[in-house]
Amino acid sequence: MRYHKSVPYLFILPMLLGLILFRFGPILGSFLISFTEWRGTRLPTFIGLANYTEILGSDIFWEVLVNTLIFALLFVPGTMLLGLVLALLANQKLRGIAFFRGVYYLPAITSMVAVALVWNWIFASRFGILNFVLRSYLGITDPPRWLSDSDTALYVLVIVSIWKSAGLPMLVYLAGLKGIPQVLYESARIDGASGWQMFRHITLPVLTPVTFFILIITLFDAFGTFEVTFAMTQGGPLNASTTLPFYIYQNSFQFARYGYASALAYVLMIVVIILTVFNFRIRTRWVQQELF
Amino acid sequence: MTTQLPVPNQPTRDFVPQVSRVISLISRYGLLLFVAFLMAFPFIWMVLTTFKSPSYLFAIPPTFFPDKVFEEGATWASIFSSYVPLFTEHNFILYTRNSFVVAFLAAIGQLFTSSLAGFAFARLQFWGSRALFGILLATALVPIEVTIIPEFLLAITVFDPIFEFFGTKWIDSLLPLIVPSFFVGTTGTFLLREFFSQIPRELEEAAIIDGASVFGIYRYIYLPLSMPAMVTLFLLAFISNWNALLRAVIYVKSAEIRTLPIGLMAFQDEYTAQWDLLLSGSVVTIAPLIIVYIFMQRYIVEGIATTGLKG
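Top line first, the protein sequences correspond to chains A and B. Mapping the first sequence onto this note's numbering, position 173 (from 1) lands on 173, and the numbers just tick up by one. Mapping the second sequence onto this note's numbering, position 42 (from 1) lands on 42, and the numbers just tick up by one.
Think of the hints as simulated: they come from the structure by calculation, not from any bench. Please read all numbers here as calculations on a predicted model, not as lab measurements. Glycine residues also receive a C-beta, built at the ideal position from the N, C-alpha and C atoms. Please note that a few of the clues may not be correct.
To be verified - Just the calculated beta-carbon pair ranges, DEER-fashion:
(1) Gln182(A) to Ala207(B): 35 to 41 Å
(2) Ile135(B) to Gln288(A): 26 to 32 Å
(3) Ile26(B) to Ser125(A): 35 to 41 Å
(4) Ile26(B) to Tyr137(A): 37 to 43 Å
(5) Gly139(A) to Phe70(B): 32 to 38 Å
(6) Gly40(A) to Thr272(B): 25 to 31 Å
(7) Gly30(B) to Ala193(A): 57 to 63 Å
(8) Leu10(A) to Thr272(B): 49 to 55 Å
(9) Ile294(B) to Arg189(A): 33 to 39 Å
Unchecked claim - Among chain A residues calculated to face chain B with C-beta under 10 Å, some are:
(10) Leu21
(11) Glu63
(12) Gln92
(13) Ala116
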């Protein structure tokens with residue numbers, strides 16, 4: 001193709017505009033704002049590192065950070081595992097398997113607000129169906145109070161989030177499974193390998209690049225907890241289910257402490273970057289081959 | 001002399017594999033159904049409950065039976081009695097319209113922005129293309145919480161005054177819900193770039209000989225060939241914008257601008273005890289997406305399988 005050298009820039013213009021206005025600009029802006037005290041409608045005042053020192057000294061922050069890490073630690077393996085299981089199930093050559101694939105992906109396309117209501121009901125301490133089953137069929141006379149209990153509220157969010165997020169890993173694993181050459185399985189079967197052995201020594205290793213990809217996107221999702229927290233617990237009871245993204249929302253749009261919230265947001269970003277870089281670094285230890 | 005003796009029918013030896021095959025089938029479908037039940041249980045419950053009379057809502061033990069459908073003298077109005085008020089007395093038609101406008105425009109915008117950019121990265125040479133692409137991927141690492149505060153402050157201090165000057169609003173309109181997604185499409189650009197890269201360059205040559213411009217090649221060759229990927233992207237963007245909560249929570253102030261998720265939350269706050277209406281509201285929020293999803297399911301599953309990963 002022959003074209004004037006300015007033509008490509010026209011093609012990327014909308015994207016560039018968006019990036020400047022809604023990514024680069026705000027990223028820089030957030031950085032600058034994090035060094036100010038900016039409350040509500042008052043003007044910002046420069047306060048240096050005061051926000052960051054306040055964060056490090058804040059008990060609530062550390063509690064929130066621990067919650068966030070616990071959430072991620074449970075959510076990431078849980079979602080990946082469920083996604084893999086669903087993909088294995090949905091990969092069978094059965095009639096109507098597309099229906100099941102559709103059902104398994106269903107939670108991923110729904111609005112969190114809509115499903116939060118039902119989950120609130122399922123986990124309701126007195127008339128929810130979970131405690132009903134626990135009391136009537138499993139004989140547990142005093143089941144946990146789930147969302148009203150500061151010990152369990154966060155874990156309810158984990159469960160709901162895993163349920164909702166496993167669809168995308170399932171799809172990606174499905175694509176990965178379909179890419180495994182059947183020859184490998186056939187020669188293994190000739191050698192007398194069992195199903196489980198084939199899974200451990202063929203399926204899993206060949207899937208490691210896909211698994212890495214899913215790990216990264218799931219790690220991302222683990223920090224997108226605003227919606228589930230907002231819809232189900234609003235962070236309660238008493239910050240027990242508050243994770244960092246929700247805490248940032250509270251500080252910026254409920255307490256209107258824009259400076260402090262921006263500093264919190266940068267802390268969040270640093271955490272995400274550290275975890276992502278860490279995973280890229282140890283990638284070579286367990287990923288078997290190149291995906292792209 | 002060897003003669004081939006006719007082998008008699010061996011019913012016993014044929015019978016057992018048949019039975020075990022049936023058992024295997026039953027157990028496989030059984031497992032699939034069980035898992036499907038676990039995944040879909042909230043929806044099943046939700047829908048069934050909207051067809052129960054209010055007295056059964058909090059029954060202990062919880063019931064499944066949608067008695068309104070089967071009771072004596074049931075009419076369409078009585079069966080859907082928990083849905084009708086949403087549209088006639090509450091603003092759910094409005095909320096649905098708002099959600100649709102936001103999701104549709106944002107998704108179209110994403111297609112527009114991502115396909116242009118993806119094409120440029122895949123097929124055009126320009127200074128800074130590799131660096132820019134790398135930066136693009138890097139910005140995907142940035143959580144939305146980092147960008148949303150300045151975005152909001154920008155909206156208050158810059159966009160809103162400008163729009164007010166021209167007689168409309170920025171905040172408390174649907175614009176801030178649409179525009180950011182319209183112009184930023186990281187995953188879309190990435191996916192389409194991959195997809196475009198795999199289209200054979202020979203196809204361009206015939207068009208070049210005919211004197212086609214770059215934009216013409218993009219429009220008449222690359223776009224049509226990437227329809228599956230584009231449809232997939234559109235659907236994913238539509239769904240994600242329909243469900244988007246954060247921007248809606250921040251920018252929506254008045255009832256007329258509420259999208260379905262916000263409208264549903266406001267409704268829940270106001271009518272906390274009327275669970276039959278609340279659940280119907282949830283169903284209404286989810287139902288349009290399910291319809292979209294059912295029709296286009298093959299695109300989504302196939303789309304990700306073919307565009308995302310090679311080999």
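Hint by hint, here is what the structure shows:
1. Separated by about 39 Å at the C-beta atoms, Gln182(A) and Ala207(B) satisfy the suggested range of 35 to 41 Å.
2. For the hinted restraint 26 to 32 Å between Ile135(B) and Gln288(A), the CB-CB distance of approximately 30 Å keeps it satisfied.
3. Separation of Ile26(B) from Ser125(A) is about 38 Å and conforms to the stated range, judged on CB atoms against 35 to 41 Å.
4. About 25 Å separates the C-beta atoms of Ile26(B) and Tyr137(A), a value inconsistent with the hinted range of 37 to 43 Å.
5. Between Gly139(A) and Phe70(B) the CB atoms are about 34 Å apart, so this pair conforms to the stated range of 32 to 38 Å.
6. Against the hinted window of 25 to 31 Å, the Cβ-Cβ separation of Gly40(A) and Thr272(B) comes to about 30 Å, which satisfies the hint.
7. In this structure, Gly30(B) and Ala193(A) break the distance hint of 57 to 63 Å, their C-beta atoms being roughly 26 Å apart.
8. Between Leu10(A) and Thr272(B), the C-beta spacing of about 53 Å keeps the proposed range 49 to 55 Å intact.
9. At about 37 Å, the CB distance of Ile294(B) to Arg189(A) agrees with the hint of 33 to 39 Å.
10. Interface restraint check: Leu21(A) against chain B, minimum CB-CB distance 7 Å, threshold 10 Å, status holds.
11. Here the hint on Glu63(A) is broken, as its CB sits about 18 Å from the closest CB of chain B, past 10 Å.
12. Restraint check, Gln92(A) versus chain B: the minimum CB separation of about 6 Å is within 10 Å; hint holds.
13. With a least beta-carbon distance of about 9 Å to chain B, the hint placing Ala116(A) at the interface is held under the 10 Å criterion.
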